[in-house]
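**Q** Sequence:
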Amino acid sequence: MEIVIPDVITMNNFRAKTEPLFNKIKQNQAQIRTLEKLRDTLLPKLMSGEVRVEYENI
Numbered sequence: 000m001e002i003v004i005p006d007v008i009t010m011n012n013f014r015a016k017t018e019p020l021f022n023k024i025k026q027n028q029a030q031i032r033t034l035e036k037l038r039d040t041l042l043p044k045l046m047s048g049e050v051r052v053e054y055e056n057i
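Taking numbering that gives the first Met the number 0, I'd label the letters of the sequence shown as residues 0 to 57.
Take every hint as true, because none was put in to throw you off.
Pairwise CB distance ranges (calculated):
(1) LEU42 / ARG14: 37 to 45 Å
(2) LEU45 / LYS25: 24 to 32 Å
(3) LYS23 / SER47: 35 to 43 Å
(4) GLU53 / ALA29: 25 to 33 Å
(5) MET46 / ASN12: 46 to 54 Å
(6) LEU42 / PRO19: 27 to 35 Å
(7) ASN27 / TYR54: 24 to 32 Å
(8) ALA29 / ARG51: 25 to 33 Å
(9) GLU49 / GLN28: 23 to 31 Å
(10) LEU37 / THR17: 25 to 33 Å
(11) LEU45 / ILE2: 50 to 58 Å
(12) LYS25 / VAL3: 25 to 33 Å
(13) ASN27 / VAL52: 20 to 28 Å
(14) GLU55 / ASN11: 49 to 57 Å
Subject to a maximum C-alpha distance of 35 Å in a straight line, what follows is the list of computed DSBU-like cross-link-like pairs (lysine-lysine):
(15) LYS44 / LYS25
(16) LYS23 / LYS44
(17) LYS25 / LYS36
The set of hints was computed from the structure by calculation and includes no laboratory data.
Ideal Cβ placement from N, Cα and C applies to all residues, glycine included.
All chains, please: the whole structure from these sequences, using the hints.
**A** Next up, the structure:
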């Protein structure tokens, strides 16, 4: 089986195009973890009535 190894220019072009995508994926994953923690903290309080939401301001 033949394995093709790209030249440095091709590898740099690939990295330049994919690195922002992978950075965005990492940012999204971090935001998901933050939102999950908020959900897990707030939802029980909302369900029990400990925290209320004023619908007039929404």
